[in-house]
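Novice: As a plain string of letters, each chain reads:
There are 2 protein chains.
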Amino acid sequence: MARTETFGAHYRIMNGRTSAGDKVYDIDRWLLRSFLNGIGEPQIRAMLWDGKEVFRPDSTCSVGMAIHDRATLLRLIANPLLNFGDDYSAGRIEIDGDLVVFMEAIYRAMDKKRRSARLAAYRRKQPDTNSLAGSHSNIHHHYDIGNDFYQLWLDREMLYTCAYFPQPTSSLEDAQIAKMDLVCRKLRLKHGQTVVEAGCGWGAMARHMARHYGVSVRSFNISHEQIVYARERAKAEGLDGQVEYVEDDYRNISGCYDAFVSVGMLEHVGPKHYLELGKVIDRSLTESGLGLIHTIGQNIPQPMSPWLLKRIFPGSYPPTLREMMDIFEPFGLSVLDVENLRLHYAKTLEHWLDRFENNRERIADMFDESFVRTWRLYLSGAIANFNIGNLQLFQVVFTRPRNNQVPWTRSHLFGAPAEV
Amino acid sequence: MARTETFGAHYRIMNGRTSAGDKVYDIDRWLLRSFLNGIGEPQIRAMLWDGKEVFRPDSTCSVGMAIHDRATLLRLIANPLLNFGDDYSAGRIEIDGDLVVFMEAIYRAMDKKRRSARLAAYRRKQPDTNSLAGSHSNIHHHYDIGNDFYQLWLDREMLYTCAYFPQPTSSLEDAQIAKMDLVCRKLRLKHGQTVVEAGCGWGAMARHMARHYGVSVRSFNISHEQIVYARERAKAEGLDGQVEYVEDDYRNISGCYDAFVSVGMLEHVGPKHYLELGKVIDRSLTESGLGLIHTIGQNIPQPMSPWLLKRIFPGSYPPTLREMMDIFEPFGLSVLDVENLRLHYAKTLEHWLDRFENNRERIADMFDESFVRTWRLYLSGAIANFNIGNLQLFQVVFTRPRNNQVPWTRSHLFGAPAEV
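Respectively, the protein sequence lines represent chains A and B.
Heads up: the first sequence is residues -18 to 401, going by the working numbering.
Heads up: the second sequence is residues -18 to 401, going by the working numbering.
No lab work stands behind these hints: they were computed from the structure.
One should not assume that every hint holds.
It does not matter which identical chain is meant; a pair holds if it fits inside one copy or across any two.
The list that follows gives simulated cross-link-like pairs (lysine to any residue, SDA-like), each with its CA atoms no further than 20 Å apart [said to hold, decoys possible]:
{"no.": "1", "residue 1": "LYS260", "residue 2": "TYR6"}
{"no.": "2", "residue 1": "LYS93", "residue 2": "PRO382"}
{"no.": "3", "residue 1": "LYS253", "residue 2": "PHE294"}
{"no.": "4", "residue 1": "LYS253", "residue 2": "ARG303"}
{"no.": "5", "residue 1": "LYS260", "residue 2": "ARG303"}
{"no.": "6", "residue 1": "LYS216", "residue 2": "PRO282"}
{"no.": "7", "residue 1": "LYS171", "residue 2": "PRO108"}
{"no.": "8", "residue 1": "LYS216", "residue 2": "VAL5"}
{"no.": "9", "residue 1": "LYS93", "residue 2": "ASN384"}
{"no.": "10", "residue 1": "LYS4", "residue 2": "ASN384"}
{"no.": "11", "residue 1": "LYS291", "residue 2": "GLY72"}
{"no.": "12", "residue 1": "LYS93", "residue 2": "SER269"}
{"no.": "13", "residue 1": "LYS260", "residue 2": "ASN233"}
{"no.": "14", "residue 1": "LYS4", "residue 2": "PRO284"}
This is chain A alone, in the form it adopts within the complex (with noise of 0.2 Å):
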């Protein structure tokens, strides 16, 4: 599997090309040391492109990287955070080991260095690209590159969320499932029901809640692609009826509906619209509304890897509890459960991984090999980051202030009998 890379397969890349220079001088190789020792010393083997080790922290370190060339070496030093997906990306970087493991041991030595003013610097205020115009062209950048894409590595229904999964050995496509009924149920869905979701992927919630809920739903989305296929799966599984989907932004949500649902679209509002996003929800619930977010976020609040801004989801941004608050407190609405799926998202992500692996060489006959690559480093990246707990999960349930109609327990998420 080629998350387990070797050493060697960067021996044949590196034979292929130019190198900048076959010699390492002392001056290479101190520079190399520098900037590990800098980023917190990660628990990792390094190398330059004489194939001989410079860093070694730990004798028991598994997972090791290699520097093809001397420009990658500076250009790694001079934007670790932009630049080591980049030249990773371009095959100039090489991974010995699990890549999982190996960004483990670079986030945890980062997290260690995290107040140094040398990474502070690296990373800058997130600006905000997310006004009507500027969000289309965001989601249209990673949403909109093929449905043939994604259905090679998503389930089957096509979610693109975190799963839930009842057990830990659970199969993805269960998960889903699972997930999606978690959401009805702590919406406590009740037939006739009508719904608004912003933020709809491919529409698989939609089509559950109609389907198993009886509820009648209205889909926001940006993406082009993704309305059509959601329109279309819809049509064929007859449920086109009780589901519309609306190839508009959430922020032109008009109606009053019994249950707000949006699951994986709060990364894509930035923080400086959730204001905008609360005015949103307070004009969409009935009286007796219920409303759920289920988003990424983060305990700290830091902004996203330059790379991962700029090469997979521009203006994205995963919000920590006080900053979701922002949607909420202006309108007074009342929080009533909040959980943390963060080693969901885990597993999810390595499920989606494995997938891709599996069909590696034909995403590079629709792509190309950097393509595999930029994508594999983000999947990795995100799993490291669940693992070591720089990102949550967070599901938030809520509701107007006033509604006395809320679930009397948490009973009814586990099929236990109704209360009173």
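The hints should help you fit chain B onto chain A, whose structure is shown.
Specialist: For chain B alone, kept in the frame of chain A given last:
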């Protein structure tokens, strides 16, 4: 039951006193009407000392207020948030109908007017009085007034915090035991573990944990009366080998524990001291330790009523979730679970108020009639605040950011089979 008073009682009080003036002038009626219009036209009837109704915004008003004399009227207008309570306690304001319904009507009206300059002027920024010495004095004020008194209306385990009613019809005794079990399950307590408790009341939680979960507990409290009671009871129940009650401030907690628990103390900590509390938690939790804070909260930050601060709970403040993040965020602590038990607190308080009223004659003998009225108003106002959603009850579970030994799902809270 005294919650449902009648104006008849009011007239008897009036007849036994010298009123400020028998005659009601037009200016008195105008002042009362203007005042009630100014606080948002509460759905109450109102009359002055001649017994004639002056204000009735709606023919369906089931509750009313009678003001005994002109001085009371002027005090009410000058500072309603402080003087309504004091004049009610002194019997110079009488309520016709259910006091809880009356308070709900007042709070609903004030909420409509919340942003008006007039009411804002009544509420000032709450001073911090929770230094080590300040906290001692604040806690002494409320909790050291006599264990005999609290035994008259709390459950037999002496829990003075929100219960958890598995069914709305559960008894208070059962609901308090269910609450303790819920907390223990959320903390996943295991035999042989160690627990530190910040603020332990009369010690019921520590005894329950020791008896039913086989853990050792160190409980901190600065109420001398409570500590004396807790120690005696632990000894009588043979739990003094497992439970240690320490008469000291939470800021002096030392040692390292598998669990941190604090039920109903955060209300007395004050937002300026949340960072200190976070430091205590950060130094007290083992690497895989879980923590739980159970506290009254709010959706929107508002200071406590000055009457409650002065007469009932000096130095107290119910935080918003955003404000609570001052405990967790500086230390990167990970919030795993938030549950809002607002309506459970309304129900808990209803049980307490019923028991309180059933013992009002004994309580009047222990203190005096004014004390009975003060506490009746405090308990009734609290029911109203929870009923209409001005107050929340948050249970927050947290852990260290790197701890992956966290519960996989929440099914263990409901007696479902444990997951792998």
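Novice: May I ask which of the numbered hints given earlier this structure violates, with the numbers listed in increasing order?
Specialist: 1, 6, 7, 8, 10 and 14
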